[in-house]
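Participant: Assemble chains C, S and L onto chain F, guided by the hints.
Protein chains: 4
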Amino acid sequence: MNMACQSSDELEVLVKEARTYTKNGKVADYIPALGKANPNDLSIAIYYPDGRCISAGDIEEKITLQSISKVISLALVLMDRGQDYVFDRVGMEPTGDPFNSIIKLETIAPGKPLNPMINAGALVVTHMIKGNSVEERFQRLLSFVREMINDPTITYNEEVARSEFETAYLNRALCYFIKQHNIIEEDVEQLMDLYTKQCAIEMNCLDLSRIGMVFAMDGVDPQSGKQIMPVDVARICKTFMVTCGMYNASGEHAIKIGVPAKSGVSGGIMGTVSGKYGIGIFGPALDEKGNSSGGIKLLELLSAKYKLSLF
Amino acid sequence: MNMACQSSDELEVLVKEARTYTKNGKVADYIPALGKANPNDLSIAIYYPDGRCISAGDIEEKITLQSISKVISLALVLMDRGQDYVFDRVGMEPTGDPFNSIIKLETIAPGKPLNPMINAGALVVTHMIKGNSVEERFQRLLSFVREMINDPTITYNEEVARSEFETAYLNRALCYFIKQHNIIEEDVEQLMDLYTKQCAIEMNCLDLSRIGMVFAMDGVDPQSGKQIMPVDVARICKTFMVTCGMYNASGEHAIKIGVPAKSGVSGGIMGTVSGKYGIGIFGPALDEKGNSSGGIKLLELLSAKYKLSLF
Amino acid sequence: MNMACQSSDELEVLVKEARTYTKNGKVADYIPALGKANPNDLSIAIYYPDGRCISAGDIEEKITLQSISKVISLALVLMDRGQDYVFDRVGMEPTGDPFNSIIKLETIAPGKPLNPMINAGALVVTHMIKGNSVEERFQRLLSFVREMINDPTITYNEEVARSEFETAYLNRALCYFIKQHNIIEEDVEQLMDLYTKQCAIEMNCLDLSRIGMVFAMDGVDPQSGKQIMPVDVARICKTFMVTCGMYNASGEHAIKIGVPAKSGVSGGIMGTVSGKYGIGIFGPALDEKGNSSGGIKLLELLSAKYKLSLF
Amino acid sequence: MNMACQSSDELEVLVKEARTYTKNGKVADYIPALGKANPNDLSIAIYYPDGRCISAGDIEEKITLQSISKVISLALVLMDRGQDYVFDRVGMEPTGDPFNSIIKLETIAPGKPLNPMINAGALVVTHMIKGNSVEERFQRLLSFVREMINDPTITYNEEVARSEFETAYLNRALCYFIKQHNIIEEDVEQLMDLYTKQCAIEMNCLDLSRIGMVFAMDGVDPQSGKQIMPVDVARICKTFMVTCGMYNASGEHAIKIGVPAKSGVSGGIMGTVSGKYGIGIFGPALDEKGNSSGGIKLLELLSAKYKLSLF
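Protein chains in written order, with the working numbering: chain F, 1 to 311; chain C, 1 to 311; chain S, 1 to 311; chain L, 1 to 311.
In isolation and in its complexed conformation, chain F is listed as follows (with noise of 0.2 Å):
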């Protein structure tokens, strides 16, 4: 369970200033569920590791992962499989294609997708996470998220995972092509359920900051002192919200705000910012590549003034 957020007066000035980019964006409608959101909707919680957090806006408000999940799955898969095993079956290259797109799967070492945050990646790692059923692979995700946020109530939205196991349509052929050249042996319906579940695990943006700030803490979480994911996975998870993290806006966003972080067409955002802090932001309208038009312009604002990027 989370503790209670403070509102911050310099967070809400931040959150003013980026309200207005979110008039530039567009909620996404291709989910009912998602349709639903108020696009005019920004808030903000940063999570320190001593337990405070700050916030501005709707912190409580429940989203669906999507996209932000790709990066717990690859964690969990990492420690699952080790490095070799995955860097066999999904590369580590940016791709300047957009996160659908399968022209790269055809042109490129045929049939191994070029990273995991792109979905013909995504669905690689989510393939690869252990369990002897669909449940059983599923819980040891939910239970891995779960741990990060310290909420055993964490779950998934049902409707959201139905909607999107109906007609997700161009990730089936995103799997079909994959299993063409023998990178996953797994029923295709098996593995959409399993996926379509991980992309539908919600919370709310307090939450997201918990989970950036353990992957901030090298994967330790330093209220119970547990080391949640080795110092090593997280690593390669931050590298890969910097170089991959967003969209084709990845490149981008490394110059323009520098900091490791993975959005979902939700609109949410997920932070990190090494020894310091985790950052969860909600803005359900996009931008032309899929990001949150709010929270990409929030995160700038931040980093601009508290000299957060990397570089």
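Don't read these hints as lab results, they were simulated from the structure. Hints should not be assumed to be uniformly reliable.
All copies of an identical chain are treated as equivalent in the list; a pair is satisfied when it fits inside any one copy or across any two copies.
As the list claims (entries may be wrong) - Below, simulated DSS-like cross-link-like pairs (lysine-lysine); rule was C-alpha separation at most 25 Å, straight line:
1. K62 x K16
2. K112 x K307
3. K289 x K36
4. K307 x K226
5. K289 x K112
6. K112 x K130
7. K130 x K26
8. K36 x K62
9. K276 x K307
10. K276 x K130
11. K23 x K62
12. K276 x K16
13. K16 x K36
14. K26 x K226
Facilitator: Only chains C, S and L this time, still in chain F's reference frame:
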């Protein structure tokens, strides 16, 4: 039922010369049933409008149509739906890419396959076959084939159909990609069921030559006098055979041979010489583009000897 | 010198109907000289082997050949070098990409253009014209054109050639890409000089129709009885006109019209009906693929009325 | 002038281990001057802000900058033109394609290179260097390099520059493609003159390490106290070194090493560890992506031993 075919010394000479090219090819082995074929086989039948037939080699050996079926389903669908409906959903342009490429589906007119002879386009065509069930649609296609051959016993090879159904991941990838773009709405497994049965329709190269003869006669069966398909439909099919009938060697085939023809990975080729006769060829050793090595050579020799090029 | 052409009421009717389609097009304006053309113009000449000619519209207006020249230089180079030499350096496959695309140069057989009708391939063809200097090579090409038209006064438009020479950056990009891959070794500026002169060869659509007639007669000028090019060369050129002659609308053109034809961005179309006659069309308003809007329609009406399709 | 550098036993151990990886590489031979390098060479210099320097191997050997120059010209141009001007003309996204690929120039934002570290982008950057002539622009770039190294004798290798100027057809192809899209207006031969001189700037790996140190100190030369480039410019350059600095192995490099670095086909690598020191490496044997085989390994060992990863 076909009459007996007369062995021709002239054809035997051409087959003998072309047979040396079978060594450059390899039997397709991704389907066990295809892999059992003898790579040195090469046979040809030529079917005249008056019912005469000449041949060389073992023309009774059964083969599955595979991609040759694409031109037959196209003819049926043009009758079922009309040109406007069909060409709203599949294009008319050759691609220069391999038959199973997915790239152009993403880069040009998203989801609309460039032509009906590549797999993506053929799947859209099969989707458009009218009928209330897979069974009914398949029976309509089969009846059409039987009518062209004038043989009610023609059927499909269940083992080949099942084997392809189980392993055709890439075709499923294409289906889902197209479905994402609303070009098809049908259940993918159902479409795959129909498509793999279509590809597994089985006949010998004498039968193939009779189909070629019906196209050569602009859709008329000269023995019954029946117009099996409208002239325009026959013309469109013959045009696609020239521009896209031999995978991404179609351009070379047009230059060197100039005879409308369609090949399949079983090693069959169905050719058509307008007003004159139909050609059926079987040679299972394939070149790297998927065409019968010996069959292509045989057609080239035939075209050169009898000046069959359209151009 | 051409005889006078007789105005034909039947052709006038077709031109009138097709002219309504000129409104869908736009005159090419990247070359000032082309931009001055009247978008409503549409004219046609049909040239018979016996020297008769019928026409509609103003068939005396001069146009530059532009891409129509690609098929003429190909014929010359096939005579200069032979098929093997030529097709070692340029392919035979349609591409499905726009005429000026550079992508396939990188992805398929690096540096070897897919066919001689796209710019990259046409540049390689022009490079292969024999002669000791640009001047000598151009004069050889011009002589060949003059011989086909039987008019020694045919020349090129210097202003258009200069204008294209100065602005053809994309063609230079293609040249250097090809040169990098050792397909050509010639100085690029020299090749561009020759190529832009080739494209600027000027004539009216009566002249165009006479060229089409020579192709229709398998390379023979029936008036002089001279075989201007071998039968095989004429056949190969006609084949490319069908598979690649109308840019990336060639497939559609083959289906709907079925007449070997080559278009240029000046709005000209040269067509050829084997054994019957040649066609010259001029209509400067272009569709989005670079073909004459009215001209294509006119050819379609003509083909439908007189059943000209090869297929 | 640089002080003498002290040989370091610790570095020698790392070099010895990394040197076994030089066998996996091959010296670039497309420029004769590069081809003469000894593939077994491997050396490193580390330059500290206080002027101390440690090294292993022969750090006095001269190499040309090649692609390492891309990050230096970028820094100069960001000062010359400002971020907005620069990033209107070149993007910020990694591509996943080889450094010399032309495909994305056609498919994404036509003519605007995806980032300044691929050749197409670097050519646009060099085009933006201010000055009234190639000579003046080159002298401005050279002065900037000399200032970072604090050595007024740094110059370029005329033989290498000339050799590249004569053979760089692919770069000319990129220039003309970009020029066609109005991203540059300069004469291509002039730009190639400037660009090939830039690539041929010559120094040893001690010099390289001093440049890395200036980036590490956010653009300040700690010995003179002078801010050679603004903090933001240094930060942007370091970001590109991480996301795109090692060709299409940049993602892997970020994961495995995590040190901003830029490589060149001469076998040089310039690395920068913020606030700590600069790194110069030379090892001419290249892997298949164009990075120094031994140099990459050496940097990986160094990063692991001293925990240098940013992430």
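Participant: So, for every hint listed, does it hold in this structure?
Facilitator: Hint check:
1. K62 x K16: Only inside one copy: K62 and K16 sit 21 Å apart there, 55 Å across copies, limit 25 Å.
2. K112 x K307: neither (37 Å within a copy, 30 Å between copies)
3. K289 x K36: within (20 Å within a copy, 42 Å between copies)
4. K307 x K226: The answer is between: 22 Å across copies meets 25 Å, while 29 Å in one copy does not.
5. K289 x K112: For K289 and K112, the Cα distance is within 25 Å both inside one copy (23 Å) and across copies (18 Å).
6. K112 x K130: Classified as within; 20 Å inside a copy, 38 Å across copies.
7. K130 x K26: This pair counts as neither: shortest intra-copy Cα distance 37 Å, inter-copy 40 Å.
8. K36 x K62: within (12 Å within a copy, 58 Å between copies)
9. K276 x K307: both (12 Å within a copy, 18 Å between copies)
10. K276 x K130: Close neither inside one copy (32 Å) nor across copies (41 Å); limit 25 Å.
11. K23 x K62: Cα proximity of K23 and K62: one copy only (21 Å, versus 55 Å across).
12. K276 x K16: within (24 Å within a copy, 38 Å between copies)
13. K16 x K36: Classified as within; 22 Å inside a copy, 55 Å across copies.
14. K26 x K226: Classified as neither; 40 Å inside a copy, 47 Å across copies.
When the structure is compared with the earlier hints, violations turn up for hints 2, 7, 10, 14 and for no others.
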